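Residue numbers (our numbering), protein chains in the order written: chain A, 1 to 470; chain B, 1 to 460.
FYI, nobody ran anything at the bench for these hints, they're computed from the structure. The reader is advised that the hints may include incorrect statements.
[Said to hold, decoys possible] The calculated DSSO-like cross-link candidates involving lysine-lysine, where the alpha carbons are at most 27 Å apart (straight line), are:
1. B/K453 / B/K137
2. B/K124 / A/K368
3. A/K113 / B/K453
4. B/K137 / B/K149
5. A/K220 / A/K409
6. A/K368 / B/K453
7. B/K236 / B/K306
8. B/K105 / B/K167
9. B/K426 / B/K143
10. B/K165 / B/K453
11. B/K149 / B/K425
12. B/K28 / A/K368
13. B/K124 / B/K453
14. B/K236 / A/K142
15. A/K368 / B/K123
16. A/K113 / B/K456
17. B/K425 / B/K123
18. A/K182 / A/K113
19. B/K453 / B/K143
20. B/K425 / B/K124
21. B/K123 / B/K165
22. B/K143 / B/K456
23. A/K274 / A/K182
24. A/K113 / B/K165
25. B/K456 / A/K368
26. B/K453 / B/K167
27. B/K315 / B/K341
28. B/K456 / B/K425
29. B/K206 / B/K255
30. A/K75 / B/K236
31. B/K453 / B/K426
32. A/K409 / B/K213
33. A/K142 / A/K409
[To be verified] Incomplete in silico selection of chain B near chain A, CB under 7 Å:
34. Y281
35. S388
36. A390
Just so we're clear, the structure is a prediction, and the values are computed from it rather than from any experiment. Backbone N, C-alpha and C define an ideal beta-carbon position, used for all residues, glycine too.
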Amino acid sequence: MSSVFWYNICIIGYVLALFIYSFNLAFRHAFWRRLATIIVALSFLLQTIGMVFRWIEAGYVEVAAVERATGETLKGLSRWLIFTQHPPWSNLYEIMVYMSWGIILVFLVCEVKWRVRFMGIFALLLALTAFGVASLTDGIIKPLVPALKSWWIMVHVISASIAYAAGTIAAIASLLYLVKAKDRLSLTALGSGIMALSAFLGLILGRGLSLLTDATYRVKLLREMGGDYVTVGKIVEGQFTPYYVPSPGVGPLLLVAILLCLLAAVMMFKARQKMDVPAGWIKISYFAGLLAMFTVGVVMTVNDMSMVNVIIDPEVSPSLMPPGPWRLALQSNTWDLGFLSVILVGQIFIGLAILFPVQIRDLLPSAKQLDRVAYANIMVSFSLVAVVLVTGALWAHYAWGRYWGWDPKETGALVIWLNYALYLHTRVTYGWTGTRSAVIAILGFFIILAGFLGVNLGWFANGLHSYGSA
Amino acid sequence: MGPLPQKKRGNNKSLLHHRLFAFFASLKLTVVILTVLLLGLLVGMFWDQTLTLEEHLISYSKTSVFAQFFIFFELDDVFHSWWFSIIVLLLALNLIACSIERLPKIWIDIHHPERILTERLLKKLPHQVETIIPFTKAMIFIKNVFPEKSYRICDDDAFYVFHEKHKYARTGVYVVHIALLMIMFGSMTVTNLGIDGMMMIVEGEKEHTVRVKGPGGLPFQHQLDFNVVCRDFRLKSFVDGSPMAFESDLAIFNKNDSLNPLVSQTIRVNEPLQYAGYTFYQASYQPMSGDSQIRLSIGPHGGARKNYVLPIGAKAQMSDQTALIPIEVIDDYGGLGEAVKIQQVSKDGRTTSFVVFRQYPDFDPMVRRGEWDVYFQGFDQVYATGVSVARVPFIEVVFLGFVLMFIGLFMAFRMSHRRYFACVKKTDNDQCELTFAGIARRHPQAFADEFQKLTKWIEP
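Generate coordinates for the entire structure from the input sequences, incorporating the hints supplied.
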């Protein structure tokens, strides 16, 4: 049995629990709720077993690689040391699986401790998104690079996972808080915020300026090889650079979606004092933005699935490797699809709240409870990010001779930490609770996405942590 | 932090240094600094800091105004720019001023708390219960809730009890602040006194120059007052060619001495050498251009052998004046694998040549049976080892800061300062009026639950 086998069962469990949690919103029956939680807990156990299996698989790979390279047969302690040196969180695939593990872990603790309704749905959706993205990235186990061969990786990555998972759960609780609490922020203002974020995400998906200048959205070209997809590219100055092709129709659609989202954001922002729940044209603008974003996602997916034979300009095609036939697949823009689904989940949830404000607010736990969950999670996250920073600094000191080098990843973790420091300070000194705290917490989630994933995906400068990029 | 009584400063308020102090001690400043710091960090994160100023200017600045802006704000090295340093300095001043402003008051409150449950105090306490119960029951309650050593005092008509837990927890915040100051002090000194550079040492050579990035991103040299010698560099690769491990044997010599190493150690990735405050880390490697070195093992026929590492054309001088010279490398000698052609020059000038095989070490002594046995053991590519050299002054201060930070975080978040007050006023018929109150600084919900559990005792 391989790790993938366990992961697949665990995904089925998560999906089942997701359905039960969702339907139970209508019935509100303690039995079903408990059943779903037990299913999540069991699936979590299976995922843990899967990770242990993955560790063992990686161990065999490491031992085999070393034995082939040195020609010696490893025995005893030295074999054990090599066997265990490759924990299942050392490339992007493993990190995504591991992040879903962390999110479920933190969710389970919160569920047992506070029983916050709705949280399960969001946590499971995020965990499944992480799994989905992982399944589309390269999951082949390769021997560790020398820099990662250190025991520091254990405590460093474990605390990072739980810290970022706790930050994510805090952001979910804060989002729910904003929907529930009517004290200062109306649903209109909240809708404005999410629409502005969607427009921003649209710009990131369209790689900013290039979208605005030529209205095209580009994805990676792939070649199918023995059931796997290989990125197509050319060699420029001795470096392999992936070749991008426009995904037809997505560029203009994305521009329209950005404009609609911006329009909705502005309209809702203007009306935020006048109405709690948007109505009339403002409501229509929100759903226009949502529909546009959704269409973008659908067209992207359809393009990926349907373009099985891509014809390239004959001037360029001879320089591309490996040679054709080329195609698109979900692997062409995995991360874009992942981020899009995260923002769509938020949009749809707020859309539901706009359509059925009374019912949704009635379903949510008390605002005080949600605020408390967010606060507790941020305290955990703040402390653990401190652990991440310090273990990272110590590791850097022993490995590179400087404990701090302003590497993008280091800076990213520091930004996350300072953001939570801001949260805690404003809470203690200004008594900021509720709305304003919630905004900082939600911002924290996006900073985590940027600092944690953005660096690995090479959005910023290449740093020391860019071991596995998509 | 509860509301503390404001001191009357009178006219002092207008004095410049008072106003300055008030400015630096304000928490609003903290929030502003944190926000600006966050923005600065984001700029440094989005902007590639590994490129040099010239590379940035080529790609970003099309106009001279933008270039001026870029240079003024040192956007190629945000984290060492003047404005970033100012923000960090302001944060340090802010932390110090805040601690001076608040810590003494908290210290006084820790050592001289208000222990008598007066009407005025009662108003500030979030949890309180007032009941009339039998006197004996009240006494049992107090005995159970308040430990023996807790503070007790009798008034004319009342009896007061006071107890607190984790009273030092409130200093946790300041422990974290001191830790942060220590870490910031470390980072400031690293920028100014520390060294973070590279040296490439060719195998067998010595080196004492460290290349560092100097002020303004200019290439800069730092001279060590000792020599670092790379005696050997070994690279182990996986079968696919990716590096498995690499290591160098380093030795450190005095400048005018090349015989007695002061230290010698093998360094690997994650295993550095430390000497005189400097740390030498295995960072990278670079194959040197030119021929490979050939590893030979030579000895008299049937006798003990010695190892030689020679480039093509170099002589290995034997004890009887015979010279052995590798003159040609053959990648595949008729299907027998790698081989080296060796020229033998005897002391009388006679020249012969023969071939030795890497895969068949027994060939030479068993088949050729010459005066000297020659074993061909492989190649040595000459590498330059990339050693990163760092000197981090006051690293102990920084590490102590890390430890303190965790202690402080634990105190601030996990330990909750709790105070319990009780006041018993005797009324007639063995009844008494019991007031029980409490306050917690952290985890208010947990305290509320605890308080509720305690008050179950005294429900009438």
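Hint check, failures only: The structure conflicts with no hint, since it agrees with every one listed earlier.
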